Amino acid sequence: MADYTIKVRRYKPESGKGPFWQDFDVELEESLSVLDALLQARSNLDGSLAVRCSCRAAICGSCGVRVNGESVLACKTKLQEAQDHADRREGAGAGNPIVVEPMGNMPVIKDLVTDMESAHWTKVRRVTPWLLPAGEPPEREYVVPPESMLDITQSMACIQCGACVSACLSMEADPDFIGPAALAKAYRFVGDPRDAETRERLHDLAQDPHGIYDCTHCFGCIDACPKGVAPMDQIMRLRRLATHDEEITDQNNGRNHEAAFTKIIERKGTLDESLLLQESYAPGVKGKLMPTRAAIKGLVQSLPTAIRGIRTGKMRSLSKLIPGVHPKLPDGAQEEVREIYRHAEEHRTEINLYIQGEEGE
Amino acid sequence: MPTHDVLVIGAGLAGQRAALAAAERGVSVGIVSKVHPVRSHSNAAQGGINAALNPGDSWESHAFDTVKGSDYLGDQDAIEIMCREAPEEILHLEHLGVTFHRNEEGRLGTRAFGGASQARTYYVADITGQAIMHVLYEQLMKYSEQIARYEEFFTIGLAIDGDGACVGAVLRDIRDGSTELFAAKAVILATGGNGQIWRPTTNALICTGDGIAMAYRAGAELMDMEMVQYHPTTLARKGFLITEGARGEGAHLLNARGERFMERYAPNKMELASRDVVSRAAQTEIEEGRGFQEGTVALDITVVPKKRIHEALREIVLVGRDFAGVDITREPIHIKPGNHYMMGGVKTDVRGRTSVEGLYAAGEVACVSVHGGNRLGANSLLDTLIFGRRSGEDASQRAREIDRPRPPRALLSDQQSRIEQIIGREKGSARRVAEVRHEMSVVMDRHLGVFRDREGIETALEVVKRLKEEAASAYIDDSGAVFNQDLLGAIELDFMLDNAECTCVAALHRTESRGAQFRTDFPDRNDDEWLKHVTLSANGDEPEIGYAPVTITNWEPAERTY
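Line order of the protein sequences matches chains A and B. According to our numbering, the first sequence holds residues 1 to 361 in order. According to our numbering, the second sequence holds residues 1 to 562 in order.
FYI, nobody ran anything at the bench for these hints, they're computed from the structure. Take these hints with a grain of salt, some might be off.
What follows is a list of derived Cβ distance ranges for each label pair [as the list claims (entries may be wrong)]:
| hint | chain 1 | residue 1 | chain 2 | residue 2 | range |
| --- | --- | --- | --- | --- | --- |
| 1 | A | Arg308 | B | Met1 | 49 to 55 Å |
| 2 | A | Asp245 | B | Arg107 | 24 to 30 Å |
| 3 | A | Asp3 | B | Ile552 | 58 to 64 Å |
| 4 | B | Pro305 | A | Val325 | 51 to 57 Å |
| 5 | A | Arg308 | B | Arg330 | 46 to 52 Å |
| 6 | B | Met1 | A | Ala306 | 43 to 49 Å |
Keep in mind that this is a model prediction, so the values were computed, not measured. C-beta: ideal position from N, C-alpha, C; glycine also.
Next comes chain A alone, as it looks inside the complex:
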């Protein structure tokens, strides 16, 4: 048994007051979870502490919260690990409280209970989340490749806990972003050979300004997901299918932007950002200093974003945007990158643990 202090961000909607912090001292075995700590606090200290929970075993997806700032399931987060994390984070030796807050990117209803309906379920319904097969079903089962079922079982493993939504940086910038969980759900249908609306679904998600091109590859959802769904991977699968297989050109310039990235890497073995924007807006430009009209228009339209980036310090090396000054990588690294690119192009395989198995098997 060990003593822990959990510091909970509380909110009582009927009090007329804003959120406040409250510490709870609990005594529990080290292997138990943050949820166990919350439940002990609720059972013994304050029954009004609100937290959704049910299975205690990371199956039901009820207890999404943030612990020390990270989006997790409370039941799957071990107390001692959370304590160590709190101590590392604060850097002031032992005895820091474990900080528990409601999930991010969602309105709070009470204490640790968030409004997942408005922040999440409306997005799920947005992706037409049911199978749309062609015609009448067969007499027996649909005969489909076994790997295809294993493939989409990865997104079926999603328990809709919202941890990825809470951790999503794009959602923070664009609350209308369909989001990692709902897009993973979308892949579950797009990747399903029984579904007959693959192209329509991809078209819809590509054209939506808050769709698949709204993801910024930050990996936050992959880190946060307690079930190994890897939502960002599912989004990238949607993108590859939309661009490579279906050749959907979208109003968000997503396909062109992606093509620009890969083309620059293919050619140069490094990302020359000075080329990226104009190449995205007008693929196949004549040269660095001769952007086409469309590219100029796109570049001008991007100015406000660029200025915001400079002002907030997010865009630090302005010189990178000046054509021709992109630094060369040392020791022939660029050629190595090009080699990797060629290899990837020749071996287009999905790395799905559930199909390939682990290394060394």
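Starting from the known structure of chain A, arrange chain B on it as the hints suggest.
Using the frame of chain A, we list chain B on its own:
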């Protein structure tokens, strides 16, 4: 007053399937759940769902395995229906989009399961319940015009009219605390089991036997309440489930000496004997000192090829890693029998009808009885779907035939007063709700577990009766309206204590050993006296005992060996 033709209470597999079946028949449906539907405990069903769908298999074989598994207490007419209709249900789910495992030809593939003479368990890795439930929820979203969803609404009590028919329910919107009387021509209970009256249990915190208690209070008969399944492989203390699918894939059970002890208890089926048999074997090893120090035996999954583990047992890899600190692909995991499932429940016929007019029950809350004394693995999902659908169909038929329901308005104010009374209890004046709940669950596990005897059951019953008195004054802290989970906890405690009392009374009454009920003071099965169901109904504040015959069609009771 919100009014629906059919009101479904509970939104796990049975409830969602019932709602969809009723909606398909064109009636208006409301489905209520105290949690968001996808949080329901059907999620936890890992291993799969049984059906005799392979060309070499037959529904008769499936039915016989089920009858034998039930220790001949299952009603064979109901078992026949379930097993005959199973293949069509599996195909229906597949057509809706369930990502069932495929064999190399791309057709549905099976795995082996306990107590079955053939591999007839269809599955999605080891998340079968979750995979099916999320697909049904997809359908609920698809048919949202026909099916109104009341998510995070807590059902406090059923509405019974002057003729004794069920005509609705009183619901509390958890989010804003408002209480409302809902009217319905038929009410389907699909509220799941009562595992939380035991501790530890594989069951979720929401499994508090609400439906059983509400039906019992409304005058419905309960049946087989003594039949409580302890699953052979659960994590010690926390009670988390390690799927039978692990043994289906070939995992071994070992005692602390490294012996594959099932050789002594079930030489033919070994680890895949029925659950009551395997649980008793494991418990015997532990009690006779051949287990590990913490009161466990070992489940060795390392004998299963690693790739297959990752493909078929991925959830167990996570459970092992996250909750036991064990890499199951490399070392055995320590397990023990733990509370898992209730075979008993609200007595229904094969259409889901209970003894109260207009009230239906399906899934774990119900007792049809297809599981009798012991449920076979992968038959519970099947039960929820088959009898969920049948309840939905029959309830929609009833809705077409009867007039508008008129639930008495007074029921609403009765329930509101009850809530005010709970909130008004003086803080610090008596015991906390959580204390009472804890004492109940520990005493139930101690005395109503794998092995039982008169003395133990009587002790438990006395404690439960005392706790009922204490619960009446147990206080809560939260007096708010929004998300007052404290209040719901107090109401759930009342429900659970009714469940606990009925279980004790039935277990005490059945003076024989059959299926999951093993009485050390009556260690043999006694068909002459006890080939019958024990029923319970509320008589004042005490359960009144009755009997119901066991329906036997094709399979005469025989000695049961595995």
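Hint check:
no.	hint	result
1	Arg308(A) to Met1(B): 49 to 55 Å	holds, 54 Å
2	Asp245(A) to Arg107(B): 24 to 30 Å	holds, 26 Å
3	Asp3(A) to Ile552(B): 58 to 64 Å	holds, 60 Å
4	Pro305(B) to Val325(A): 51 to 57 Å	holds, 55 Å
5	Arg308(A) to Arg330(B): 46 to 52 Å	holds, 51 Å
6	Met1(B) to Ala306(A): 43 to 49 Å	violated, 59 Å
Figure legend: structure checked against the earlier numbered hints; the only hint not met is number 6.
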